[in-house]
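Trainee: Spelled out, the chains give:
Protein chains: 2
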Amino acid sequence: MSDVKEVLGNYSSDIIKSIEEDLSVITPNNLQEASIYLTKAGGKMLRPALCLITAEAVGGKKEDALKTGSAIELIHTFSLIHDDIMDDDDMRRGMPSVHKVWGEDVAILAGDTLFSKAFEIIIKSEGTSHSQNNQALATVADACVKICEGQASDMGFEDRFDVTEDEYMEMIFKKTGALIAAATKAGAIMGGASQEVIDAMYEYGRLIGLAFQIQDDYLDLASDEETLGKPIGSDIEKGKMTIIAINGLASAGDESEKLLEILKNDNNSKEDIDLAIEILTKCGAIEYARNLALDSVNQAKEVLEILPDSSSKQVLVDIADFVLERHS
Amino acid sequence: MSDVKEVLGNYSSDIIKSIEEDLSVITPNNLQEASIYLTKAGGKMLRPALCLITAEAVGGKKEDALKTGSAIELIHTFSLIHDDIMDDDDMRRGMPSVHKVWGEDVAILAGDTLFSKAFEIIIKSEGTSHSQNNQALATVADACVKICEGQASDMGFEDRFDVTEDEYMEMIFKKTGALIAAATKAGAIMGGASQEVIDAMYEYGRLIGLAFQIQDDYLDLASDEETLGKPIGSDIEKGKMTIIAINGLASAGDESEKLLEILKNDNNSKEDIDLAIEILTKCGAIEYARNLALDSVNQAKEVLEILPDSSSKQVLVDIADFVLERHS
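In the order they appear, the protein sequences are chains A and B. Throughout the first sequence, residue numbering follows the numbering used here, covering 1 to 328 in sequence. Throughout the second sequence, residue numbering follows the numbering used here, covering 1 to 328 in sequence.
Since the hints were derived computationally from the structure, they do not count as laboratory data. These figures come from a predicted structure and were not determined experimentally. Errors might be hidden in some of the hints.
Note that the list lumps identical chains together, so a pair holds whenever it fits in one copy or between two copies.
[Claimed, not checked] In silico DSS-like cross-links for lysine-lysine, where the CA-CA straight-line distance does not exceed 30 Å:
#1 Lys-238 - Lys-100
#2 Lys-44 - Lys-264
#3 Lys-230 - Lys-282
#4 Lys-100 - Lys-240
#5 Lys-40 - Lys-301
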């Protein structure tokens with residue numbers, strides 16, 4: 001099995017170079033700096049790498065997907081910048097967030113600029129047909145609408161404790177899964193795949209995107225503070241309706257009431273959080289989430305059977321496994 | 001000469017219908033309502049109408065430009081929503097602005113959603129070729145980058161009183177002219193025009209866009225409060241570097257110092273504003289701006305000579321004249 005982080009690293013230098021080139025023409029200077037800042041801060045480059053690897057796995061060239069992959073990273077960055085404004089998050093990738101450095105106005109504009117640039121970059125892709133560029137762009141635009149809808153749903157969930165599993169799954173698909181699915185689908189389009197393979201690669205991306213988000217919920221309770229870089233149970237402290245909280249409220253029987261009380265309380269003690277974790281463990285909600293993520297990953301790997309064997313296909317298998325192996 | 005407002009009105013019902021249809025699928029409800037709000041509040045629909053009229057004027061069908069025109073209106077609306085957040089403007093189109101009704105977070109998202117939808121809509125245009133859709137989209141994406149750059153430049157001018165005419169002209173082209181130019185260029189593309197005509201229609205849009213903005217600067221000093229709906233000289237009061245202020249500072253000789261003092265002062269009396277207007281009138285700055293707008297309009301009409309005579313071409317001529325005839 002390949003080391004996934006190392007493989008992602010192999011793709012990221014081309015992607016970063018491409019992004020820096022495309023953003024270097026932005027004026028005035030402060031807008032350019034704010035736009036390029038998070039790319040320079042370093043990210044896993046998971047989405048663009050998935051786009052390039054998928055292009056190879058369907059028999060195409062990674063170069064043909066480079067611009068689309070870079071554009072998808074810009075869309076991801078745009079959504080981080082605007083989300084940080086909305087959530088008033090001070091830090092991102094270990095650095096002060098964009099609106100903390102340049103102020104909210106420039107941060108809004110930097111996000112908008114990245115968004116515009118992303119579409120400009122895809123449509124100007126060379127080496128692929130107008131039809132391919134068109135399809136890739138439609139795929140990314142669809143994901144962008146879903147990201148906004150997912151974020152709006154997520155904000156709408158803040159004061160609600162009756163969110164259903166279906167609502168939650170739709171929200172995380174839109175907020176997180178849609179762009180990952182767009183990355184693998186657009187990679188397949190730019191790699192020249194058939195419609196059947198394109199659809200399969202969208203499904204693969206959707207499934208690992210779901211697993212990724214569910215694993216985040218799981219790690220919040222099952223990891224340790226040092227590895228995670230934040231206190232265990234912080235989602236419970238925030239009263240966030242994760243898949244674990246939703247399942248717990250539905251399956252903890254008599255203890256649901258206590259669990260709900262802790263979720264609603266803004267000033268829980270460490271004992272309260274530990275009690276909530278105990279309830280969620282006992283009723284099987286944590287295991288339920290873990291199994292859901294595992295099922296998604298297994299389904300994602302099954303979907304990959306449509307592809308001929310290759311080292312790129314193996315990387316896609318490894319990335320699916322990696323989603324559940326990461327501890328932070 | 002046709003009544004321009006009446007002509008624009010003839011196009012607007014199709015455009016509004018198209019926009020409402022495309023936005024009706026957005027969820028959750030509050031995001032949909034915030035996204036559609038300003039379209040329902042009513043606008044001149046100048047940009048989308050220009051797109052459709054240009055498609056006709058180059059010999060094409062307005063239906064082929066309908067989706068692109070609607071998308072351009074969405075981009076315009078997106079920029080209004082985000083600008084109102086940045087400028088903290090409470091009112092828009094006679095109603096409370098989007099962030100005043102739904103809060104800043106939803107307003108940021110509504111803008112982002114309109115932006116995403118716009119690209120989705122253009123790329124799905126039917127009846128035109130992939131190549132046309134591609135070119136139209138690249139045109140709009142380019143304008144979006146320019147809008148962000150123009151807004152960032154404009155914000156950067158706020159504390160500067162040494163803005164040059166060239167800097168100012170570039171800023172207003174990007175902030176206002178670029179999307180109008182994109183509307184006429186994309187209309188020509190969707191109407192099936194030759195590259196020469198497409199380029200000419202971009203130039204036409206650029207020129208009337210400049211005239212439009214300069215006329216705004218002119219009306220701030222040359223209109224009357226009742227017609228304009230705001231006090232005369234409000235740009236001077238805000239210390240805004242308009243083309244008139246820039247020209248005045250360069251050409252008012254000994255009185256430049258007094259003019260600069262008034263521009264820098266946040267608490268001017270009505271007498272101060274009147275004195276500034278007197279200085280700007282005497283040194284010819286107001287006339288200079290008026291002539292600049294007039295020249296742009298005349299050049300725009302000359303550019304139209306590339307088109308065969310038609311009623312749509314006549315409307316484009318009338319719109320160019322209308323830019324200078326409006327009083328508010």
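Trainee: Next step is simple, just say for each hint if it's right about the structure.
Mentor: Hint by hint, here is what the structure shows:
Taking the shortest alpha-carbon separations for Lys-238 and Lys-100, both the intra-copy value of 22 Å and the inter-copy value of 27 Å come in at or below 30 Å. When the C-alpha separation of Lys-44 and Lys-264 is checked against a cutoff of 30 Å, the pair qualifies neither within a copy, at 34 Å, nor between copies, at 48 Å. When the C-alpha separation of Lys-230 and Lys-282 is checked against a cutoff of 30 Å, the pair qualifies only within one copy, where the shortest distance is 24 Å, while the shortest distance between copies is 66 Å. With identical chains, the CA atoms of Lys-100 and Lys-240 are at most 30 Å apart both within one copy (25 Å) and between copies (27 Å).
For the homomeric pair Lys-40 and Lys-301, neither the shortest alpha-carbon distance inside one copy (32 Å) nor that between copies (47 Å) is at most 30 Å.
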